[in-house]
Amino acid sequence: MKQVSMVVVMLAALVLAACGGSSGTTNGVTVSEAWARPSPMMDRAGAAYMVLQNNGAAEDKLLSVEGDIAQTIELHETKESGGMLAMSPVPNIPVPARGKTELKPGGLHVMLIGLTRELKAGDKVQLTLNFEKAGKVPVAVEVRE
Amino acid sequence: MKLRWLIGWMLIGWLAACTHNFSGVAPNPIGPAPDFTLIDETGRPFQLSDLRGQWILLAYGYTHCPDVCPLTLSYLRDVKQIVDPNGDRVQVVFVTIDPERDTPDSMRRYVGHFDKLFDQKFKGLSGTPEEIAAAAQLYQVKYEKKETGSADGYSMAHTAEVYLIDPQFNWRMTFPFGIKAEEIAADLQYFMQNPEAK
Ligand SMILES: [Cu+2]
Chain R
3 MKQVSMVVVM LAALVLAACG GSSGTTNGVT VSEAWARPSP MMDRAGAAYM
53 VLQNNGAAED KLLSVEGDIA QTIELHETKE SGGMLAMSPV PNIPVPARGK
103 TELKPGGLHV MLIGLTRELK AGDKVQLTLN FEKAGKVPVA VEVRE
Chain V
22 MKLRWLIGWM LIGWLAACTH NFSGVAPNPI GPAPDFTLID ETGRPFQLSD
72 LRGQWILLAY GYTHCPDVCP LTLSYLRDVK QIVDPNGDRV QVVFVTIDPE
122 RDTPDSMRRY VGHFDKLFDQ KFKGLSGTPE EIAAAAQLYQ VKYEKKETGS
172 ADGYSMAHTA EVYLIDPQFN WRMTFPFGIK AEEIAADLQY FMQNPEAK
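Sequences listed follow chains R and V, in order.
Taking the working numbering, I'd label the letters of the first sequence as residues 3 to 147.
Taking the working numbering, I'd label the letters of the second sequence as residues 22 to 219.
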């Protein structure tokens, strides 16, 4: 009996911890590990990477990204075809229900075209992600190597 | 009896030393590296075999590339940092496959971002579309222009391997895209310590 009540308490604690952990998510999507490389050149595009975690029970989609760091911000994917790698814009980035999608070098990325200032190591860049269901989610992107 | 154990352990030690697991793929047979002359980041003609006597890490890419090429160049920076941070034994060479847009000046600024830590600067090579096509073909580099509708203009599809050339100017190894800096460095250090290794 004592053991059962212990389990109940532990489960309750777990649930609370899980809910507490998502306190940073105003909406159904948590964004973590957002980073971008320092820009080699101001007149070349930059790329931002991050992990999108969907806490909801339905698939969500990243539709667009806004920010004053670049004149144009696109969603891109690098894909392999015939041994060659190439990046192209994608219309959206799906995030599965209760799952995550990773944006990382050599794959999906947020493409920052026409930088308005240099991406310098140590700086933070503010972006706003627009999701189909979760709506707007602000993100601070860390510039690092 | 003790001597037998000693010999046994020594044999195991030698075998372990012999069985370095390479991350890269060796060409078969190993032979002279193909040579070419392009324009370097200062605007002067540069022949690859001018670097005979050094280890060369050769990669192809383009400066309008914010994803794949910075990843490769940051790995090569890290290899240099691990293996030869203060020396001139390892030279990184980056060749454009986007001759329409990349000039010696853009190559200089692009590679200059990755070699800040070193006295020995990376080489950034460009040339005419014909010269670049020839230099790419020698290493079986494939590339093609893709109109993607991006605001950044066209994108280049390209193979993204790294080629290792030894100080005798032999093509020793090809590293597939995504092989980590530590793994490339381990192969390179193994070759430096075992010059006859294949
Ligand atoms: Cu891109």
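Bear in mind the hints are in silico, worked out from the structure with no lab data behind them.
All of these numbers come straight from a predicted model, not from anything done at the bench.
The reader is advised that the hints may include incorrect statements.
[Stated by the list, open to error] Okay, the calculated beta carbon distance ranges per label pair:
# : chain 1 : residue 1 : chain 2 : residue 2 : range
1 : R       : P96       : V       : N215      : 46 to 54 angstroms
2 : V       : R73       : R       : T74       : 22 to 30 angstroms
3 : R       : K106      : V       : T169      : 36 to 44 angstroms
4 : R       : E35       : V       : R65       : 41 to 49 angstroms
The C-beta atom is built at its ideal place from N, Cα and C for all residues, glycine as well.
Please list, smallest to largest, the hint numbers that this structure does not respect. 2 and 3
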